[in-house]
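Q: Residue numbers (the numbering used here), protein chains in the order written: chain A, 1 to 288; chain B, 1001 to 1240.
Honestly, the hints are just simulated from the structure, not real lab data. All C-beta atoms, glycine included, are put in the ideal place defined by N, C-alpha and C. It cannot be assumed that every hint is accurate.
What the hints assert, rightly or not - Chain A residues, not near chain B, derived (Cβ > 10 Å throughout):
no. : residue
1   : Gly30
2   : Val43
3   : Ala73
4   : Met183
5   : Lys185
6   : Ala186
7   : Phe187
8   : Ala189
9   : Arg190
10  : Ser193
11  : Val198
12  : Ile268
13  : Trp271
14  : Pro281
To be verified - A short, non-exhaustive set of chain B residues, derived as facing chain A with CB atoms under 8 Å:
no. : residue
15  : Ser1035
16  : Leu1037
17  : Leu1040
18  : Tyr1063
19  : Leu1071
20  : Asn1072
21  : Trp1073
22  : Phe1082
23  : Ala1083
24  : Lys1085
25  : Gly1106
26  : Leu1108
27  : Phe1110
28  : Lys1112
29  : Tyr1114
30  : Tyr1117
Stated by the list, open to error - DSS-like cross-link-like pairs, simulated, lysine-lysine; straight-line CA separation at most 27 Å:
no. : chain 1 : residue 1 : chain 2 : residue 2
31  : B       : Lys1155   : A       : Lys194
32  : B       : Lys1112   : A       : Lys194
33  : B       : Lys1231   : A       : Lys185
34  : B       : Lys1231   : A       : Lys194
35  : B       : Lys1100   : A       : Lys185
36  : A       : Lys178    : B       : Lys1100
37  : A       : Lys185    : B       : Lys1095
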Amino acid sequence: MAQQQKTLSVQAQAAAGAVSLGALSGAGGGRAREAAMEIGLRVGSIATLILIWWALGLFFPPTLIPRPWDTFAEVAEIVSTGNFFAEMGATLRRVAVGFAIAMVLSVPLGILMGTLRSLESFFEPPVILGLTMPGLIWAVLMIMFFGLNETSAYAAVAVTIFPMLAISIWQGTKSIDKDLIDMSKAFHARPWSKVVDVILPQLVSHILAAVRYGLGLAWKVVVVVEMFGFSNGVGYQVVRGFNVFSMKTVLAWTITFLVVMIVIEFGIIGWLERMVTQWRPRVEAWRR
Amino acid sequence: MLVLDHVSFDTKENGVTCLLGPSGCGKSTLLNAISGLERLEQGRVEVVSDHGRATTLAPQLGYVFQDPRLLNWKRVEDNLIFALKGMEVPQVEWKERIHKYLGMVGLLEFRKQYPLYLSGGMRQRVGLARGLVIEPEVLLMDEPFSKLDQFTARKLREDTLAICAGLRQTALLVTHDVEEAAYMGDRIVILSARPAHVAEILDNPLPPLERELDDFGFIGFKKRLLQSVLKLMEEEVRAC
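The whole structure should be built from the sequences, with the hints applied where relevant.
A: This is the structure we're talking about:
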């Protein structure tokens, strides 16, 4: 067999920017173009949804599928007449309070379940049970128990999302790097420093993921609670629209609600996430 | 299970002592026992002062691990502060010490950087600086070069040796690499396996900064070490 000469000639250019340099020095030209592309895709996705909505409207009467622009006009009116802020404020307050209660309870419980086996065994069944309980039933139970007042809304939101938060923090705690705990022992770290400097930072990404899912659940429950007979809030406004069979009103309130959710999700939580994970190099290099 | 059996040795004062032994012979357990991460069933660890009297039963120890074990969410200098805080070093000294020891490992300009933006060798240097910054009576190092590539390891060995010699730092280095032991150790304690006991203690005839990997004197000492280790392994095979 003839011996084959094989050579591999390598001509490489440094393409280091993507991983480290980009993160050090901020956006370069390529970065900006990528970002513009990303925004374009998102806008395109929303535009497609509106297009489908408009197309459906061609086959149904406006009472069933109102025209997109009529609905947007209604949105503008809701926002400009001013009661939007009061109604949305009431709903947001219910979500925020319920969420805060659930958070304050689930972080310590999750950490304890992740560290102590006995507590894990004790709390696992109720937490799993709680997870399978529909938010609607929690809403009914809480209103029957507390009556039609703010407390029942806060409680319903808190109980519905609590198991979900506890589970992710519990699982996150179990995956903590034990070597780092040893390291902190070797350097005599105080218990408080161990929690704040070593344990909590490892939980941050789990907590943020939990916050995302938790908020998603919280919006759903709060609207249900409000529908039961509250006199304000987005849920109440949707029911009012339903009672006069105005599809336009129902959709308009839904849209304003969605927009606020998206602002919170991408704006506030996304910003928070970037703040607390800036120590981590971006992994965009392998994503296409 | 008995892991350590009557292991007893003195480290070289103000010098580097290497614990040399095969993998799994209990070297790391010994180091963990010394640092208090694992409890000794019997025995004690003492730092003895010049006058031959024990200064402390719980000596101030710095630790350099096999992998860097940095808090990746803290900047380089904050990783050092974590150790300074734990060891209760007064805050007025922090800045000066961070400057001194990060400078020593050559990472002063990276003090505001996050560890994951540094190379593996640089991260290990941060780990070394963290062990030194608390100015320990004894610096413990658990195979600190074994996860680095050959070039990086070689350079870091050189630098670590020079730093320890410069500081007259008493240090205890665990390794399974004969050449590393011959290069780094002023004294070499050869451990045998399961349960670990001290087989032989040798002092390095060459002073720290005169060890060259291709020097005859150095090669001679390395051979001498290797023979001891090989003899030990033969004996163990026969004992089986």
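Q: Take the hints in turn and mark each one as holding or not.
A: The hints, checked one at a time:
no., hint, result
1, Gly30, "holds, 19 Å"
2, Val43, "holds, 33 Å"
3, Ala73, "holds, 48 Å"
4, Met183, "violated, 4 Å"
5, Lys185, "violated, 6 Å"
6, Ala186, "violated, 4 Å"
7, Phe187, "violated, 4 Å"
8, Ala189, "violated, 4 Å"
9, Arg190, "violated, 7 Å"
10, Ser193, "violated, 6 Å"
11, Val198, "violated, 7 Å"
12, Ile268, "holds, 21 Å"
13, Trp271, "holds, 17 Å"
14, Pro281, "violated, 5 Å"
15, Ser1035, "holds, 5 Å"
16, Leu1037, "holds, 6 Å"
17, Leu1040, "violated, 16 Å"
18, Tyr1063, "holds, 4 Å"
19, Leu1071, "holds, 6 Å"
20, Asn1072, "holds, 6 Å"
21, Trp1073, "holds, 4 Å"
22, Phe1082, "holds, 6 Å"
23, Ala1083, "holds, 4 Å"
24, Lys1085, "holds, 6 Å"
25, Gly1106, "violated, 18 Å"
26, Leu1108, "violated, 17 Å"
27, Phe1110, "violated, 11 Å"
28, Lys1112, "violated, 11 Å"
29, Tyr1114, "holds, 4 Å"
30, Tyr1117, "holds, 5 Å"
31, B:Lys1155 with A:Lys194, "violated, 33 Å"
32, B:Lys1112 with A:Lys194, "holds, 22 Å"
33, B:Lys1231 with A:Lys185, "violated, 38 Å"
34, B:Lys1231 with A:Lys194, "violated, 46 Å"
35, B:Lys1100 with A:Lys185, "holds, 24 Å"
36, A:Lys178 with B:Lys1100, "violated, 30 Å"
37, A:Lys185 with B:Lys1095, "holds, 23 Å"
In this structure, the hints that do not hold are numbers 4, 5, 6, 7, 8, 9, 10, 11, 14, 17, 25, 26, 27, 28, 31, 33, 34 and 36, in rising order.
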